[in-house]
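Colleague: Sequence:
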Amino acid sequence: MKKLILGTLFSALLVLNTGCNFKIIDKVTFALNPNLESARVSLIFAKDIQTDIGGTFSVKDYGYVFANPSTPDAPFNVGFDLNLSIVNDNDYIHYTPTTKLPSDDPLPTLINRALAQIQLEKPVGQKFDVYAYVDILGREWLGVAMILNYIDQKNFPAGLSFSRNFLKDKQGVPRAAAVIFGPKVDSAGNLVVPGGIALFANVAALIKGNGDIVGADSGSDGMVFFNGALISPTPSSPL
Numbered sequence: 114m115k116k117l118i119l120g121t122l123f124s125a126l127l128v129l130n131t132g133c134n135f136k137i138i139d140k141v142t143f144a145l146n147p148n149l150e151s152a153r154v155s156l157i158f159a160k161d162i163q164t165d166i167g168g169t170f171s172v173k174d175y176g177y178v179f180a181n182p183s184t185p186d187a188p189f190n191v192g193f194d195l196n197l198s199i200v201n202d203n204d205y206i207h208y209t210p211t212t213k214l215p216s217d218d219p220l221p222t223l224i225n226r227a228l229a230q231i232q233l234e235k236p237v238g239q240k241f242d243v244y245a246y247v248d249i250l251g252r253e254w255l256g257v258a259m260i261l262n263y264i265d266q267k268n269f270p271a272g273l274s275f276s277r278n279f280l281k282d283k284q285g286v287p288r289a290a291a292v293i294f295g296p297k298v299d300s301a302g303n304l305v306v307p308g309g310i311a312l313f314a315n316v317a318a319l320i321k322g323n324g325d326i327v328g329a330d331s332g333s334d335g336m337v338f339f340n341g342a343l344i345s346p347t348p349s350s351p352l
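The numbering of the sequence shown is this note's numbering, which starts it at 114 and goes up by one.
Be aware that a few hints might be false.
Unchecked claim - When the alpha-carbon atoms are kept at most 20 Å apart in a straight line, the in silico SDA-like pairs for lysine to any residue are as follows:
(1) K321 - T169
(2) K267 - K283
(3) K213 - F339
(4) K213 - L304
(5) K173 - Q232
(6) K213 - K321
(7) K213 - L343
(8) K140 - K173
(9) K297 - T212
(10) K283 - L145
Simulated from the structure, these hints should not be mistaken for laboratory data.
Since we're looking at a predicted model, the values are computed, not measured.
With these hints in hand, go ahead and build the complete structure from the sequences.
Modeller: This is the structure we're talking about:
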């Protein structure tokens, strides 16, 4: 199968049952930094997904979120490298927590509380918005979401989203979740917010477990949602 540009679309591969053995996401990885207080969590896309999206976005002095473009030697990947002390930041604790992504799609069901959503500065000319998520209530979860301008209603059904869990502990409890979500449109079908991708991880649990991961980290428990309602426990094509 020919390699695909990221914007050509998730819809044909995920929504339609094309019979093609193709997946969007390869795995999620976790790395505990030497200070034992910071973690790097990466969402690694399949090698056939090609894009020139890239950039590093600082979150004060706590670390950064990132997007690394695909190359002949490395796949497209996004994620964050952050210190868990960010959950105690005096500025962020005054944010109103949200249970939704910027597109109004819900956060992954794995997360049982609202998170503070922080929009990061977008350099001029960049075709995507970046958000960091901080668990100011439970002090466990961190995350990143990227809104990609070209994921519009023409190439991805509005209101549709796919979620998959990763990084299970010894009790079988996943500690990370990835989401691919479609755009939000108004009643007339006009684009309000493009779709995108998001990654969340219970960094506190991963650090406490010293990064122990049981089994493969290629994901489990895939779910499909439409306008926030669960419509299928497994997508028609693999993520």
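Colleague: All hints are to be evaluated individually against the structure, with a verdict given for each.
Modeller: Right, here's what the structure says about each hint:
| no. | hint | result |
| --- | --- | --- |
| 1 | K321 - T169 | violated (27 Å) |
| 2 | K267 - K283 | violated (42 Å) |
| 3 | K213 - F339 | holds (14 Å) |
| 4 | K213 - L304 | holds (18 Å) |
| 5 | K173 - Q232 | holds (12 Å) |
| 6 | K213 - K321 | violated (27 Å) |
| 7 | K213 - L343 | holds (15 Å) |
| 8 | K140 - K173 | violated (28 Å) |
| 9 | K297 - T212 | holds (16 Å) |
| 10 | K283 - L145 | holds (18 Å) |
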